[in-house]
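Novice: So the sequence shown is numbered by full-length UniProt numbering: it starts at 1 and just counts up by one.
It is worth saying that the hints were derived from the structure and are not from the lab. On a predicted model such as this, the values are computed, not experimentally measured, just so you know. Please note: incorrect hints may appear among the correct ones.
Computed cross-link-like contacts, EDC-like style, restricted to lysine to aspartate or glutamate with a CA-CA straight-line distance of at most 16 Å [claimed, not checked]: (1) K463 to E432; (2) K442 to D381; (3) K444 to E402; (4) K178 to D203; (5) K178 to D211; (6) K178 to E195; (7) K470 to E446; (8) K442 to D465; (9) K340 to E382; (10) K463 to E434; (11) K463 to E441.
Computed spacing ranges between beta-carbons, pair by pair [stated by the list, open to error]: (12) S343 to R403: 53 to 61 Å; (13) A445 to R467: 37 to 45 Å; (14) S344 to G480: 42 to 50 Å; (15) G207 to D167: 42 to 50 Å; (16) V379 to D466: 37 to 45 Å; (17) T311 to L399: 26 to 34 Å; (18) Q292 to S344: 17 to 25 Å; (19) S343 to G169: 51 to 59 Å; (20) R254 to E201: 26 to 34 Å; (21) S187 to L371: 54 to 62 Å; (22) A305 to T418: 52 to 60 Å; (23) L371 to T418: 18 to 26 Å; (24) R403 to R191: 55 to 63 Å.
Glycine included, C-beta positions come from ideal geometry on N, C-alpha and C.
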Amino acid sequence: MARPRPQVAGFLSALPTRFHLSRAASSSHPRGASLRPSDASPALPVGLKSINEQSHHRSPSHYNAALRLAADYSFRRGQTALLRTGTDVESLGWSIARAICADAQRAGIDLGRDGLEQLLRPEILPTLLLELAETEPLQSAYATLARLAIASNSLEQLHLVLHEMYDRGLRPSALVVKHAVRMACESDYPRLAYELAHRFEADSPHGKRLDSAAWASILIASAQSQYVSPHLTSAYASSKAFASLLSVLAVAARWADPSLSLRALDALAAIGVTAEEHHLTLLLQAYVNAGQLPDAIRVLSAIRAAGFHPTTATAQPIVTALTTADLIDQAFYTIEDMHKAGSSVDITALNAIVEAAVRTGDLPRARATQLAAADVGLVPDEITYNLILEACVTANNRLLGERIISEMRSASLSPNATSYEHMIRLCLQSPEYEAAFFYFEKFKAEAQPRREIYVALFNACQKRDDRRWKLVQEEAQRAGIRLSRRDPSRPQRS
């Protein structure tokens with residue numbers, strides 16, 4: 001059977017009477033307003049008439065062009081009313097669009113995806129939803145709108161459709177919600193993604209849950225945008241994504257949430273992943289940022305107990321937090337209490353306290369902490385002694401520096417390159433600096449001195465008119481280091 005031919009009047013005759021009365025207003029738009037449609041768009045009556053006259057055998061493209069004009073018209077009318085009166089207007093665009101769709105239906109023309117996409121435009125969709133609200137709830141209608149919003153990657157439209165569905169007691173499918181979560185995460189809206197996922201699971205009559213991939217997307221998006229919420233702590237119980245849990249640990253460390261760190265570590269264990277040093281280091285940082293220094297210090301012992309070797313870099317967050325004498329003392333009291341309670345104290349914790357004292361310029365407190373190592377069941381190592389030597393250089397205390405070197409040898413610890421560097425600088429600070437060359441020779445026997453050491457010796461000799469500057473220069477040349485008499489007195493990075 002032949003498809004019925006549309007009347008010549010077509011959808012123009014199907015338009016509401018009030019459209020013809022508003023013809024003049026339809027062609028105006030506010031000066032300077034930002035219009036989404038093209039400025040070259042024709043006035044609606046002219047445009048519709050032109051489309052009608054193009055052909056008696058209209059195609060879907062003709063109807064879709066008319067729908068586009070209707071949406072543009074609605075946009076302009078709304079903008080004009082908002083600017084002039086501060087209020088919204090009833091959408092004539094919807095009435096026009098409905099008439100266009102009705103005419104296409106009578107003609108047996110399927111408008112396809114392009115036509116439905118026009119109905120999803122912000123100027124049309126709210127009225128479409130209101131139209132649906134006046135009828136019995138129709139799951140399939142909302143599902144179609146949701147699919148089209150997903151196809152056009154419109155998060156705003158999809159969120160509006162989901163909101164209307166929940167308000168009307170309709171449940172979206174898990175697939176639709178999963179797409180909404182994905183789109184929210186990709187648009188950097190992790191909180192919205194979480195709320196959508198939580199609402200779906202909370203309203204599920206049978207306790208249906210989204211798959212772990214959706215929750216993993218929320219966790220990763222939250223980590224990337226540094227969004228932390230107490231509600232998220234329940235999220236990764238569903239996640240099996242290793243990468244997302246690492247992101248959670250990083251966010252918890254930054255935002256001082258050790259409870260979140262602990263739950264992430266539990267989730268790692270649940271998927272069969274053994275916590276490694278960098279995982280526990282993030283826990284330590286979370287404790288430090290939360291002001292829980294005693295717990296952070298205990299993490300160092302936990303790292304050692306797990307078979308790893310914490311370093312000075314591992315403990316740097318603790319050092320950074322110990323900015324006053326009171327905080328340094330409290331940190332020492334913590335390791336003292338740990339020792340009294342029978343807990344192991346890691347040497348890295350002691351070194352962190354010593355380093356904090358050195359950074360604050362408190363040599364007596366640094367030295368006292370080092371001497372009290374035995375009181376907490378520890379033996380100072382090379383790092384401990386070198387930290388004291390560094391403080392001696394700052395305080396120009398050569399006598400104590402010599403004593404530290406002697407104590408190292410008594411403890412069967414050989415001075416290393418760092419030790420010799422400190423002693424050379426310390427000796428060069430005094431008028432009698434002959435010992436600097438002694439330590440320089442010791443240094444060369446152990447390792448290749450850095451350029452800064454050659455520069456320090458070279459400049460010290462020049463300053464004192466010591467002809468040995470030539471010997472230092474020759475030594476440097478043999479080591480591939482060029483020195484000139486214009487080298488600054490302060491050490492420079494090579």
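Novice: State for each hint whether it applies.
Specialist: Now for the hints, and whether the structure bears them out:
no.	hint	result
1	K463 to E432	holds (13 Å)
2	K442 to D381	violated (20 Å)
3	K444 to E402	violated (19 Å)
4	K178 to D203	holds (15 Å)
5	K178 to D211	holds (8 Å)
6	K178 to E195	holds (12 Å)
7	K470 to E446	violated (23 Å)
8	K442 to D465	violated (24 Å)
9	K340 to E382	violated (25 Å)
10	K463 to E434	holds (14 Å)
11	K463 to E441	violated (21 Å)
12	S343 to R403: 53 to 61 Å	violated (32 Å)
13	A445 to R467: 37 to 45 Å	violated (24 Å)
14	S344 to G480: 42 to 50 Å	holds (46 Å)
15	G207 to D167: 42 to 50 Å	violated (23 Å)
16	V379 to D466: 37 to 45 Å	holds (40 Å)
17	T311 to L399: 26 to 34 Å	holds (30 Å)
18	Q292 to S344: 17 to 25 Å	holds (19 Å)
19	S343 to G169: 51 to 59 Å	holds (57 Å)
20	R254 to E201: 26 to 34 Å	holds (28 Å)
21	S187 to L371: 54 to 62 Å	holds (59 Å)
22	A305 to T418: 52 to 60 Å	violated (28 Å)
23	L371 to T418: 18 to 26 Å	holds (20 Å)
24	R403 to R191: 55 to 63 Å	holds (59 Å)
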